[in-house]
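Just so you know, the protein sequences line up as chains A and B, in that order.
Here the first sequence stands for residues 1 to 311, where the numbers follow this note's numbering.
Here the second sequence stands for residues 1 to 311, where the numbers follow this note's numbering.
In short, the hints are calculated from the structure, not lab data.
For glycine and all other residues, C-beta sits at the position ideal for the given N, C-alpha and C.
Do not take every clue at face value.
Residues from chain A shown here face chain B by an in silico Cβ test under 8 angstroms; the list is partial [as the list claims (entries may be wrong)]:
| hint | residue |
| --- | --- |
| 1 | 79 |
| 2 | 82 |
| 3 | 85 |
| 4 | 89 |
| 5 | 98 |
| 6 | 135 |
| 7 | 139 |
| 8 | 141 |
| 9 | 158 |
| 10 | 164 |
2 protein chains.
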Amino acid sequence: MRYLVTGASGFVGRYLIDAIRRDEPAAEIVAVDRPAAAPPANVTRVAALDLLDLDALAAVIARERPDRLVHLASFSSVGLSWHEPVVSFTNNTNIFLNVLECVRRSSPQTRVLSIGSSEQYGLVAPGDLPLRETTPLHPLSPYAVARVAQEHLGEVYVRGYGLDIVATRSFNHVGPGQSSRFVISALAKQFAELARGRADRIRVGTTSVIRDFLDVRDVVAAYLALLARGARGEVYNICSGRGIRIADAIAIFAGFAGGTPAIETDPALVRPVENEIVVGDHAKLTAAVGWRPTIALEDALRAVYDYWLTA
Amino acid sequence: MRYLVTGASGFVGRYLIDAIRRDEPAAEIVAVDRPAAAPPANVTRVAALDLLDLDALAAVIARERPDRLVHLASFSSVGLSWHEPVVSFTNNTNIFLNVLECVRRSSPQTRVLSIGSSEQYGLVAPGDLPLRETTPLHPLSPYAVARVAQEHLGEVYVRGYGLDIVATRSFNHVGPGQSSRFVISALAKQFAELARGRADRIRVGTTSVIRDFLDVRDVVAAYLALLARGARGEVYNICSGRGIRIADAIAIFAGFAGGTPAIETDPALVRPVENEIVVGDHAKLTAAVGWRPTIALEDALRAVYDYWLTA
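Using the sequences plus the hints, can you model the full thing?
Pasting the structure below:
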């Protein structure tokens, strides 16, 4: 089996490639990433290119004709999308459209996994919880609009051109190596600094909100299960199905660090519009492929905390 | 009042500029179009650029800071979007995003009219007719996806950045000068050829389908009414509210031409997936701005037919 992974050097890419290597030692893995990225060592080949360069991408797809393509490349920050909406949109929607177009032209048998986001749901009404795949989408940021357009393009390429695409709406995920731009990683990093005596307080955004977090190892297990057994043209939530308040994650980290620090609210971390509760329902995914989350939240948080203790 | 019109040289652009000139003789009109386009003579200034060139566009918007911006530029063919999905998407969604970004950066007081399409509704369930702005969108072509993304980006720029954007979902429009890629213009052209003894039959696609056609003069009247009195952040159907079967349009043209010709179905004109009926409801537009269609369909068809008799 030949895999092509875009964004292979990113946080999720490294876990995905490790999981493929573990499950399928003989798999060929082609890592696609920007020239400046440092791809993982355990891949078969590396292709360095900008996914906005359609011709460069077309040459790689035509040469590799992968069995499975996992499109992880994304500018996935909501905050960045507000500062640089054009960069965010092109590096989400346009790069995905380029991937699909190259697959259509020269490798139409490739199964494509299109990674989307719980941000696509946008402003959530209390009656919509937990979020199901049938819940209407009300994208509220440039990033969310870009992800909705990506999912719509996938549908059109399935129905109109017969491509084999499976889509996800992935909820928050956590794990060692994630950028501290994301809340759990940011908290773990600050508590690790605290435990090492390098800080005396932590800075937070809105701690009352409830989110649905998955360990990145469970996320990549879902991706591989969908590649193997997901239904063509369908979209699946990837989530734990359980909400945790940010304040509760803070309490767990305080337990690891052995004490409750001073906590300051940093206005720069508070978003102008924010959902109180975002929790998904993974019943469709579980029914389709048998996937369930396996890693308890406390274990997931511990791994992130331990990572920052030595990072 | 200073207007900036993108796609100023196109079919709708010429009618819009004529209408502005008629209503507001002293208006400044800045025509933006591709270097290869031939802009109308009755504008104040011309800016030749590719809207995908963000820097070139930014310079024009910063210099002109128009009161009103009408974004007519579009690759508006559904058929083209299936052949060239990347070209279609970038020349709809990305050019619009560039327009909004330039307005946000240097002319945030500009009122923007975002032109969308009835194609955004996609596959229509019989219970959804007539289509209202609240009907869910199920875009079914690359073009339709691009237009939905455009509308979503508009919403985000209104809510997130406070821009002043009014959006439309414009249904089929007809008028002299429209490309014969569009069905009514194609039929009129063929009947004109027939009347001039240059053809002995006409070629058609699926004639049983029902569509909602507006004369382009009514369309541009709606655009100017929305610029003057539309509500910021809202989207409005622009349609006649009445369906006509393509076969009935053929019968009207046969009346003009003085006889019923041989009619052949051209498989190239039959679409793989097509709605039986697309009819909109313009109640929201009428309530908001007082607009109603004023030109009877037969008069609209006559104008198109007369155009092709001498074209």
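Status of the hints after comparison with the structure:
1. Annotation: interface hint on residue 79/A violated; nearest CB of chain B at approximately 12 angstroms, more than 8 angstroms.
2. The beta carbon of residue 82/A comes within 6 angstroms of a beta carbon in chain B, closer than 8 angstroms, and the hint placing it at the interface holds.
3. Annotation: residue 85/A was flagged as interfacial toward chain B, and the flag holds, the nearest CB pair being 6 angstroms apart, inside 8 angstroms.
4. Residue-level restraint check for residue 89/A holds (minimum Cβ-Cβ distance to chain B is 6 angstroms; threshold 8 angstroms).
5. For residue 98/A, the shortest C-beta to C-beta distance to chain B is roughly 7 angstroms, which falls under 8 angstroms, so the interface hint holds.
6. Annotation: residue 135/A was flagged as interfacial toward chain B, and the flag is violated, the nearest CB pair being 12 angstroms apart, outside 8 angstroms.
7. Given hint, residue 139/A at the interface with chain B, holds; its Cβ is 5 angstroms from that chain's nearest Cβ, closer than 8 angstroms.
8. Checking residue 141/A against chain B by beta carbon gives a least distance of about 6 angstroms; that is within 8 angstroms, so the hint holds.
9. Taking 8 angstroms as the C-beta contact cut-off toward chain B, the hint placing residue 158/A at the interface is violated, the least distance being around 11 angstroms.
10. Proximity of residue 164/A to chain B is violated relative to the hint, the smallest CB-CB distance being about 17 angstroms (cut-off 8 angstroms).
The structure shown violates the earlier hints numbered 1, 6, 9, 10.
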